[in-house]
Amino acid sequence: MTVARPFAAVCGAALAVAVAFLALPVVAVFADAPPRELVSSLGDAAALDALRLSFECSALALVAVIAIGTPAAWLLATRRFPGRALVVTIVELPLVMPPAVAGIGLLAALGPAGLLGGITGRHLVLQTAGVVVALAFVSAPFYLRLAQAGFAAIDPALLEASRTLGAGEGRTFARVAIPAARGALGAGAALAWGRALGEFGATLMFAGSFRGVTQTAPLAIYERFSTDLPAALALSAVLIAVSAGLLLAVKLATRDAVG
Amino acid sequence: MLSAELRHPLRAFTLDLALEVAAGECLALAGPSGAGKTSTLRAIAGLLPAEQAQVRCGDVVWDGPGVHVAAERRRCGFLFQEYALFGHMSAWQNVAYGLRTRRAARRAEALALLENFGVESLADARPGDLSGGERQRVALARALARRPAALLLDEPLSALDAATRAEAIGALRTLLAQAGAPAILVTHDFAEAAVLADRVAVVEHGRVLQEGSAATLAAEPRSAFVAAFTGATTLRGTAAPRADGLTAVELDGGGRILAADEAHGRVIAVVHPWDVTLETPGTQAGSAQNRLAATVVTLTPAGNRLRVGLQAPQPLAAEVTAAGAQRLGLAAGSEVLATWKATATRLVLEDYARAHHG
Chain A
25 MTVARPFAAV
35 CGAALAVAVA
45 FLALPVVAVF
55 ADAPPRELVS
65 SLGDAAALDA
75 LRLSFECSAL
85 ALVAVIAIGT
95 PAAWLLATRR
105 FPGRALVVTI
115 VELPLVMPPA
125 VAGIGLLAAL
135 GPAGLLGGIT
145 GRHLVLQTAG
155 VVVALAFVSA
165 PFYLRLAQAG
175 FAAIDPALLE
185 ASRTLGAGEG
195 RTFARVAIPA
205 ARGALGAGAA
215 LAWGRALGEF
225 GATLMFAGSF
235 RGVTQTAPLA
245 IYERFSTDLP
255 AALALSAVLI
265 AVSAGLLLAV
275 KLATRDAVG
Chain B
-9 MLSAELRHPL
1 RAFTLDLALE
11 VAAGECLALA
21 GPSGAGKTST
31 LRAIAGLLPA
41 EQAQVRCGDV
51 VWDGPGVHVA
61 AERRRCGFLF
71 QEYALFGHMS
81 AWQNVAYGLR
91 TRRAARRAEA
101 LALLENFGVE
111 SLADARPGDL
121 SGGERQRVAL
131 ARALARRPAA
141 LLLDEPLSAL
151 DAATRAEAIG
161 ALRTLLAQAG
171 APAILVTHDF
181 AEAAVLADRV
191 AVVEHGRVLQ
201 EGSAATLAAE
211 PRSAFVAAFT
221 GATTLRGTAA
231 PRADGLTAVE
241 LDGGGRILAA
251 DEAHGRVIAV
261 VHPWDVTLET
271 PGTQAGSAQN
281 RLAATVVTLT
291 PAGNRLRVGL
301 QAPQPLAAEV
311 TAAGAQRLGL
321 AAGSEVLATW
331 KATATRLVLE
341 DYARAHHG
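Those sequence lines, one after another, are chains A and B. All residue numbers in the first sequence are consecutive under the numbering used here, ending with 283. All residue numbers in the second sequence are consecutive under the numbering used here, ending with 348.
You may find that some hints are simply not true.
[Stated by the list, open to error] Computed, partial: chain B to chain A, Cβ under 10 Å:
1) 57
2) 61
3) 264
[To be verified] Counterexamples of contact, computed for chain B against chain A with all Cβ distances above 12 Å:
4) 55
5) 63
6) 77
7) 113
8) 129
9) 132
10) 151
11) 240
Just so you know, the hints here were simulated from the structure itself, not pulled from any lab data. Even for Gly, the Cβ is constructed at its ideal location relative to N, Cα and C.
Isolated chain A, as found in the complex:
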């Protein structure tokens, strides 16, 4: 114990610094947001539009990311195939890509003059659907990464046990792998959702910032920032509160009933 104490003190101090550093801006937003502005921002139609758009688009993006990402991550976690390392790198690339670059990349690929522009150009750029695409692009790697790690961490004997009990690979995936990895899947979904809610650069480049159509909460905050700082603070406070609530809800929902 006496040996461990100095080390524990160092760790404790490090944690205190980290928490203080990360919590300070959040506290400051709530401290600086005038209570009256906070209330009136909830009555501001444009602000509400932005919040609604943020949640709708991020939720849609998340559904798509989970639907496609879960089986894809399963394959990456359970199979060895040539080029797998390359595939993993491609999947993780958006993590390190500046959002502005992501936005330009999306324009170059899906914009009117882009690679697939003939098919997608008119439906995505400056459209709500474009926001969903941008959010899915930047948030998907977070989910894929954690889902892959979660699936890879499952005791292989559980999957083999399922097979010997007569369940094929599909049933094993649905009934054993997903429940066993639900903690990681939930954490991945929460991270991806958080990333999507905070998305700014790629959305701005690819979908623009039109009220009610593509202006998500972060874009609305940026717009108010130069003209009406109290309103920007108030909207920030609301976004923080709702995001924290979502994060918490996802964690609670996926916390193992496993024990």
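With chain A fixed as given, assemble chain B onto it according to the hints.
Just chain B now, with coordinates in the frame of chain A:
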């Protein structure tokens, strides 16, 4: 009847063995860790696609030229080393996972299977809340759910502490009796193999070194490795507690021994050859409580010792030095007195279900 011929390269050696197990028979694959035992089981279950495999269960070919039946289509009950229970399901749901009956009938059927192993009261518990012995029994019930045509048991006792083992052995014997299917059991403990299996194959580096009854292997090891590995012989009998705290065991076929372990009813007594001393009949010396008249059947050199196969009247083995054998004038047919201490006798219940329900 389950038969398997396997050839498959592993990291350090090539698995190369042929096995055959009759319905209702239990074959133990016994050997040190890393001998290829688990790989053998996994290949038979279809979980490890072997390079060359001929596996046949009854009339069904599971592996053969151009044939590889998927693991989920082999009716093969597999007991995993750490039991591999699904943590997000309750005990009964784990058992019901393998059932293919109507939804409404599942719980009742799962409960009936759990009841076989005396754990129906734990039906709604999660595996995480169960003890090692309870987990084992839930896993046994689950392995039976598909009415397996073959049973494969991977180190079924290794995850248990010594105190739980005796009961767990009983539960395993219940399973083997109920399934009536050919069974292969993997263990690194020869005593475990001797207690649970009808026949033992000693495996080393992917090959079967010697195969036979546990008593034969212990009495007539064909190699020093088998001699060293077969550290136990077993005697069957009926146990009854005595007033002095010891347990008396009336051996099948005659003879009576004492053990320090507590037990009542049908038991298997486990004795190690190096605990057994041989004396010429008539001598009355030493503190050893167990004294059985025996006939020498075989004499097998094992390193610097002799493994002496005895008939007493059940087969038993003793280990003596060459000098000791000379002094006693041991030869096949010699009459001797096999003696060992009550404290060197481990008792294992033969049938758990009977002991607990009847």
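Hint check:
1. 57: Because about 18 Å separates residue 57 of chain B from the closest Cβ in chain A, which is outside the 10 Å limit, the hint is violated.
2. 61: holds (4 Å)
3. 264: violated (36 Å)
4. 55: holds (23 Å)
5. 63: The assertion about residue 63 of chain B is violated, with a minimum of 8 Å to chain A.
6. 77: violated (5 Å)
7. 113: Holds, since 17 Å exceeds 12 Å.
8. 129: At about 9 Å from chain A, residue 129 of chain B fails to clear the 12 Å cut-off, so the statement is violated.
9. 132: violated (7 Å)
10. 151: Non-interface label stands for residue 151 of chain B: nearest chain A Cβ at 20 Å, farther than 12 Å.
11. 240: holds (41 Å)
The structure does not agree with the numbered hints 1, 3, 5, 6, 8, 9 stated previously, though it agrees with the rest.
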